[in-house]
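Asks: Take a look at the letters that make up each chain.
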Amino acid sequence: MSNASTIVLNARALERTVARMADEIVERADGTDGLVLVGIQRRGVQLADRIAAMILAHEHVAVPRGALDITLYRDDLQTVGPRPIVGKTELPWELDGKIVCIVDDVLYTGRTIRAALDELADFGRPARIMLAVLIDRGGRELPIHADVTGRLVEVPKGGRVDVCVTELDGTDEVTMVLSGEHA
Amino acid sequence: MTAPLGKDLLGLEHLTAGQITMILDTAEPLREISERTIKKVPTLRGATVVNLFYEASTRTRTSFEFAEKRMSADTVNIAIASSSVSKGETLVDTAKNLEAMRIDMVVIRHQSSGAAQFLAERIESNVINAGDGTHEHPTQGLLDLLTLRQRFGTLQGKRVCICGDVLHSRVARSNIWGLTKLGAEVAVCGPRSLLPTAIEEFGVTVFDRIEQAIEWADALNVLRLQLERMQAGYIPSLREYNRVFGVTRERLDRAPRDVLILHPGPMNRGVEIDSDVADGPHSVILDQVTNGVAVRMAVLYLLAGNTPALAEAAKGGDR
Amino acid sequence: MASHPDILLKGGRLVDPSSNLDTAGDLLVRDGKIESVGGSIAAPDGATVIECAGQVVAPGFIDVHCHLREPGREDVETILTGARAAAAGGFSAVCAMPNTDPVTDNQAAVGFVLKQGRAANAARVYPYGAITIGQRGERLAEFGEMIGAGAVAVSDDGKPVVSAQMMRTALEYARTFGIPVADHCEDPTLAAGGAMNEGFLSARLGLKGIPAEAEEIMAIRDILLARLTGGHVHLCHMSTKGSLELIRWGKERGIRVTAEACPHHLSLTEDEVEGYNTHAKMNPPLRSLADVEAVQQAVKDGTIDVIATDHAPHHNDEKEREFSDAPNGIVGLETALAVNITWLVRSQIITLGTLVDRMSCAPARIFGLAGGTLRRGAVADITVFDPDKAWTVDAARFLTKGRNSPYVGKTLHGLVGCTLVDGRIVFQRKG
Chain A
1 MSNASTIVLN ARALERTVAR MADEIVERAD GTDGLVLVGI QRRGVQLADR
51 IAAMILAHEH VAVPRGALDI TLYRDDLQTV GPRPIVGKTE LPWELDGKIV
101 CIVDDVLYTG RTIRAALDEL ADFGRPARIM LAVLIDRGGR ELPIHADVTG
151 RLVEVPKGGR VDVCVTELDG TDEVTMVLSG EHA
Chain B
1 MTAPLGKDLL GLEHLTAGQI TMILDTAEPL REISERTIKK VPTLRGATVV
51 NLFYEASTRT RTSFEFAEKR MSADTVNIAI ASSSVSKGET LVDTAKNLEA
101 MRIDMVVIRH QSSGAAQFLA ERIESNVINA GDGTHEHPTQ GLLDLLTLRQ
151 RFGTLQGKRV CICGDVLHSR VARSNIWGLT KLGAEVAVCG PRSLLPTAIE
201 EFGVTVFDRI EQAIEWADAL NVLRLQLERM QAGYIPSLRE YNRVFGVTRE
251 RLDRAPRDVL ILHPGPMNRG VEIDSDVADG PHSVILDQVT NGVAVRMAVL
301 YLLAGNTPAL AEAAKGGDR
Chain C
1 MASHPDILLK GGRLVDPSSN LDTAGDLLVR DGKIESVGGS IAAPDGATVI
51 ECAGQVVAPG FIDVHCHLRE PGREDVETIL TGARAAAAGG FSAVCAMPNT
101 DPVTDNQAAV GFVLKQGRAA NAARVYPYGA ITIGQRGERL AEFGEMIGAG
151 AVAVSDDGKP VVSAQMMRTA LEYARTFGIP VADHCEDPTL AAGGAMNEGF
201 LSARLGLKGI PAEAEEIMAI RDILLARLTG GHVHLCHMST KGSLELIRWG
251 KERGIRVTAE ACPHHLSLTE DEVEGYNTHA KMNPPLRSLA DVEAVQQAVK
301 DGTIDVIATD HAPHHNDEKE REFSDAPNGI VGLETALAVN ITWLVRSQII
351 TLGTLVDRMS CAPARIFGLA GGTLRRGAVA DITVFDPDKA WTVDAARFLT
401 KGRNSPYVGK TLHGLVGCTL VDGRIVFQRK G
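Going down the list, the protein sequences come from chains A, B and C. For the first sequence, this note's numbering assigns the number 1 to the initial residue and increments by one for each residue that follows. For the second sequence, this note's numbering assigns the number 1 to the initial residue and increments by one for each residue that follows. For the third sequence, this note's numbering assigns the number 1 to the initial residue and increments by one for each residue that follows.
Bear in mind the hints are in silico, worked out from the structure with no lab data behind them. Do not take every clue at face value.
Residues from chain A shown here face chain B by an in silico Cβ test under 8 Å; the list is partial [unchecked claim]:
no., residue
1, TYR73
2, ASP122
3, PHE123
Predicted model, so just to flag it, every value in this text is computed and none were measured. Cβ coordinates follow ideal geometry from the N, Cα and C atoms, glycine included.
Construct the entire structure; sequences and hints are all you get.
Replies: Below, the structure is given as structure tokens:
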């Protein structure tokens, strides 16, 4: 089991944060015209679904959603062990001229977002790309920043942040785990 | 936890059901890449892949080439024309030369059974068997499995009959291994002179008549009948073969259910399969071709990660 | 000719079925002959004494089927290296098959092989003559001339005698000279292109198989022709259960058929081929477990008269290739005794006495050769071996030039200590 884990966001707090993020995204996009949400596999997809639901509730607009799997664009495939499983990529429409909001659960080194940007470039040329993340834990290795952040969390050396969503993990919760084993 | 594939893909006989499923599960999401405008992902950028074809083959080679290029690998095609008279360089020397050129992966098709294993034992590069003699053609088997799985949802309990010259068919063998491991019921149908004497030991049902096979099956995998078989005396004539064993519209219409039709290609229209069947509503032959590229991309992806050094490296990646 | 010193083989277990001998005792060799055998013998002055405690003293083995490759393929074996390898395996004599290049189908060629054999000064080398000129199956070779030059039998081995008419004629003609006609039993149309035994394994590996019937069809043909002609047919390297049943049938009817089996066919199954191991590829191929067990029983009940090696060296380059392209054949002179002891004697299928009969007494008797006995006055062709000594096969230490053996790395029991030919030591293990 985990050593010394703290709950960063419980289910209710997570819901509030996602609601605020949804409003911020619409604000930054100056409305919902041309806005598309692209969730990064895996939990970014569920978060994008939630955000879209919030936008539907607040703005009464169904914003298009896509899923992006970045495994094939990772820059560390040569050093990681057994091949990671490749998930589904589904972007059902043209990206040219759109405002794409990438949604992911945790922003850390920035390499995942770098891969996502490369992959999106293979699909088209959006007018604008912005980034919304539930948790920003710092530790960037590339010049990437989030436009919309749920919560800024400082994680001590060796620790990690785990995001759980009901659809995949049975519960809505964000926990920080210190040193070593994760739950 | 499914064991990784190892350095090479030589056949399906020694893979577990879990490993086969892993390859199919990897191929599924990769199909989408061939639908993009820019049909490329950078995954194998910088990797050198040699297509070493001792037997002429347009379709398999181009399918591999597309798969390699769509993964951004650098591809080199070597077509070796050799007869029993002019053998040219031995396989041993070819292996040594490839090793010296630091090739990352070799896709080999060869007329001798066991040639892929022979090569794999002598070089460190990944070796993918694209067909060795009458032994195995694993990527063909895999794409057939993927095609069936897409249509049926699962292979468990499905009845698949392989029709034709099983004796000389590496596609048949790979299919038999893959299908039985994934829980399908397998049968073969063809003239006894074109079935191995020990065929029952493969755990398959044998139908002597195509009508019986059609009545039983959920899907037929129709093998190409080669002209040489007639010349070698295994069957009296191609015409007789079509009359007695051909998969025709009339025969399929009498089937109790819709039977899916597969064919590894290239087809001898009017011999083992009639055109109206090959082009008909239950034919998934073109799906097989599409799936072929995805399956080969999946195999390249999964093998490229398998060197002993990588197996030691830390799991997972940073975000 | 200066006489050689006497040799006293002291304290061994003397085993010779031809003289009903299986007892501890000494053996004295003088002037190339067995001077005295059994009991305790005092060493004469100047005699070489060889301590044989814990070892068996038997008549030297005689291999009636081996390939020495000279003339033509001296790169893979010469009569010299082959004869030395034979001596190291306990053989005091070998019969060399004539499928050389050029084929040994005439008097001069036979003389050449004999001459090279004498020069080798190791195991005796008896040449086979070919049955047909060039082994092409068209015209009979000159049996009389070849035998006059020293050939001891005829064979087209390597190939079958395809024409029944030709085989009939050969058997009839050979009767004149009282020699056996040795046939390699293989129906060429059934076996064509085959690389291993036909069965489930060949189907799995995608290799063309050779059905047992390819051998059995020719075996019964030869047995019937022997019946027709009254000639003596010797069936080479019998490998299938069916063949052995047919040989029994023939012998029961008094037909003059003798048969040989090879150590590999009484020890290894086709499973050795798994992984496309070319060192397990030979013709006839390794067969099923049922066949192996049938061969073992046939050696026991005498349906198989002799065990012969079919020693067939090949260059590593030739074997190091795709399975279907690799040539057939494995070496066997230096492993035959140990394989036979390990699979037949230690498993108590046959006694040591029976083994000595199949490897020495019977070959001498059937082919009319000297040796094969420890009787007083017989030529001193003797082998001394330790039946229990365990050793691991290491091809690098073979005296034969060939390295193609499926037993490499296996631990076997039975090691030759020394071999005498004509009362001279032609092999002695150091240490």
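Asks: Confirm or reject each hint.
Replies: Hints versus structure:
1. Taken as an interface hint, TYR73(A) checks out: its beta carbon lies about 6 Å from the nearest beta carbon of chain B, inside 8 Å.
2. A distance limit of 8 Å between C-beta atoms decides the matter here; for ASP122(A) the minimum to chain B is near 4 Å, and the interface restraint holds.
3. For PHE123(A), the interface hint holds, since its Cβ comes within 8 Å of a Cβ in chain B; the closest pair sits about 7 Å apart.
The structure shown violates none of the earlier numbered hints.
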